[in-house]
Structures are given as structure tokens and as C-alpha cells.
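Be aware that the sequence shown starts at 1316, since it is given in my numbering, and climbs by one per residue.
A few of these clues could be false.
[As the list claims (entries may be wrong)] Derived DSS-like pairs: lysine-lysine, alpha-carbon spacing no greater than 30 Å straight-line:
no.	residue 1	residue 2
1	Lys1466	Lys1436
2	Lys1539	Lys1466
3	Lys1348	Lys1333
4	Lys1522	Lys1443
5	Lys1522	Lys1508
6	Lys1559	Lys1508
7	Lys1436	Lys1379
8	Lys1508	Lys1554
9	Lys1559	Lys1539
10	Lys1323	Lys1333
11	Lys1559	Lys1522
12	Lys1443	Lys1539
13	Lys1386	Lys1559
14	Lys1559	Lys1466
15	Lys1466	Lys1554
[Unchecked claim] The calculated label-pair distances, taken between Cβ atoms and stated as ranges, are:
no.	residue 1	residue 2	range
16	Ser1472	Lys1522	28 to 34 Å
17	Arg1538	Gly1459	36 to 42 Å
18	Gly1404	Arg1353	33 to 39 Å
19	Phe1502	Glu1452	45 to 51 Å
20	Thr1507	Ala1541	23 to 29 Å
21	Lys1450	Ser1388	31 to 37 Å
22	Tyr1479	Arg1558	24 to 30 Å
23	Asp1407	Arg1558	40 to 46 Å
24	Glu1382	Glu1506	47 to 53 Å
25	Lys1522	Ile1373	46 to 52 Å
26	Arg1558	Glu1506	28 to 34 Å
27	Asp1350	Val1446	50 to 56 Å
28	Lys1450	Arg1353	41 to 47 Å
Simulated from the structure, these hints should not be mistaken for lab results.
Don't be surprised by glycine CBs; every beta carbon is placed ideally from N, CA and C.
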Amino acid sequence: MKDKFDIKRISQSVEVAKLYYVDDLDQKEIAKKLDLSRPTVSRLLQYARENQIVNIAIHNPYAKAIELSEKLSEKYQTDIVVVPDSYDGFEDPLEAVTAYAANYLFSLVEENTTIGIGWGKTINELSKQLVTLSKEESYQAPTGVNVVQLKGSVSLSHAETYAYQAINNFSSVMNARPQYLPLPTIFDEVETKEIVESDRFMSRILKLGREADIAVFSAGTVRKNALLFQLDYLTDSEKESLRKHA
1316 MKDKFDIKRI SQSVEVAKLY YVDDLDQKEI AKKLDLSRPT VSRLLQYARE
1366 NQIVNIAIHN PYAKAIELSE KLSEKYQTDI VVVPDSYDGF EDPLEAVTAY
1416 AANYLFSLVE ENTTIGIGWG KTINELSKQL VTLSKEESYQ APTGVNVVQL
1466 KGSVSLSHAE TYAYQAINNF SSVMNARPQY LPLPTIFDEV ETKEIVESDR
1516 FMSRILKLGR EADIAVFSAG TVRKNALLFQ LDYLTDSEKE SLRKHA
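Could you build all of it, start to finish, from the sequences and the hints given here?
Below, the structure is given as C-alpha cells:
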């Protein structure tokens, strides 16, 4: 019976494993370097794995995010994605989330798709990520895409909504003509809103938004620095009510 404690074979396996896993040589290069046949190198690598000379561990950096996504999706009965920390090398959460969203959006958009978009800091950052991705050599803009604003882009205050920057970036990337909605976000009077909506041009844009294949928007915060609270549409009591109940 052959002695299992084969010092020569163990030594050879260690040497081959170092060249393969540490020095990143392929089996052909190792065989030439050690004057061995390729089948012998292959058997020594297998021996190293089977005898725990080499232990291979696969670390999935996104494992926690995937697990949380599955739990949330099960709880709320819908598809929920949790973007991992440092997704695509981005340390900033806003950049990581919008980088993921940009990649995902590209996977959804086909020819003749209508994309409806909101506005705000997150949507604007997403539009920048789309511009960056579109510069890759493999990118080809789909044909016949429409990009339309889903909510009014006119603000009463000097606070920046990024509405036009975002839709212009989206449209540039998708090779589309932007469909603006040059209306207030909130009307003071119902009657004014109804008159505006009856306008032929406005009703066409609103209809296009309602029929959008993809809607891209962000769920805003109710912190005091929320963009919605900076646009001078809401009274102090309305803001306080939102902060308590939203």
C-alpha cells in the first residue's frame, strides 16, 4: 500500500500551486518551467485542492445586498433591488445608486420606447451616469425613443430642480427629442390647471407621459432640506404635516 504521506508529491504540489495561483502562470508555462508534462501539472493542482494544500474561497461582495433584496421583495411582493455598498467602485451612495440605475435602464430601453422622467438631484445624477456610459465604444443608441417630463418643471423659487439638465442629458444619450412640460409643479388654482391641461400642446405632452413605457423618478425625502420644501409651493403647516405623516 502506497504511503499517503508522500513528501515529494506534496512538495511538487505546493510548488505548482504557487506558480499557478500566486504567480499566475498557466499549466503550459508551469510544465515548461518545471520540466513536467501538462497532465502531471493538472494532477498536482488537483492533488493540492483535494488535500487542502490550496483552499479556494469565493467572496461575493454583494451577498448582503442580494439577501436583503430577496427579503424585501418577499415581504412587499414586488421586485426590490438593494444597491450594494461601493457598487462599481463608487463610495458615495448617490453615485452608486444612480450608476446601478443607469446600467439597469440601458438593459430595459428598446427601439420606440417612451421614457418618462421626473427631476431632482438624483435624476440629474442618473442622467450624468447615462452620459458617461454612452461614451463606451460598445454603446449604440436605440432608435425611435421618446423622453418626456412627467411633472411640471417650473419653480416659484430660485432653487434648482435640474429638470432641463436631466431631460437634455437623457435625450442626448437616447438620440431623442426632449418633450418638455413647461408647467408649474403645483398650480395655485384648480381652474388654472384644468385650462392649461385642455391646451392641445399640453394635452399631447401629458398623454405621452401617461403612456410612457418606463417611468424614472426618485422617492423624495421629507427632511427640512428636501428640494420640494425649497420651491415655495407649500405652507409651513403643509410642510410640517408632510414631515409628520409622509
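Take a quick look at whether Lys1466 and Lys1554 sit within 30 Å of each other, Cα to Cα. holds (20 Å)
Verdict for Asp1407, Arg1558 (Cβ pair) under range 40 to 46 Å: Violated, at about 25 Å.
Would you check the hint for Lys1443 and Lys1539, treating anything up to 30 Å between C-alpha atoms as holding? holds (26 Å)
Asp1350 versus Val1446 beta-carbon gap, inside 50 to 56 Å or not: At roughly 55 Å between Cβ atoms, Val1446 and Asp1350 fall inside 50 to 56 Å, so the hint holds.
Against the range 24 to 30 Å, how does the distance between the Cβ atoms of Tyr1479 and Arg1558 compare: consistent or not? holds (29 Å)
Consistency of beta-carbon spacing, Glu1506 to Glu1382, with hint 47 to 53 Å: Because 52 Å falls inside the window, the suggested range holds.
Is Lys1508 close enough to Lys1554, meaning Cα to Cα at most 30 Å? holds (22 Å)
When you check the alpha-carbon spacing of Lys1466 and Lys1436, does it fall within 30 Å? It holds: about 15 Å lies between the C-alpha atoms, which stays within 30 Å.
Would you mind confirming whether the straight-line C-alpha gap from Lys1323 to Lys1333 stays at or under 30 Å? holds (16 Å)
Taking 30 Å as the top limit, are the C-alpha atoms of Lys1559 and Lys1508 close enough? holds (28 Å)
Within 45 to 51 Å or not, the Cβ separation of Phe1502 and Glu1452? holds (46 Å)
Holds or violated: Lys1522 and Lys1508, Cα atoms, limit 30 Å. Holds. Lys1522 to Lys1508 sits at ~15 Å (cutoff 30 Å).
Checked against the numbered hints given earlier, the structure breaks hints 11 and 23 and satisfies all the rest.
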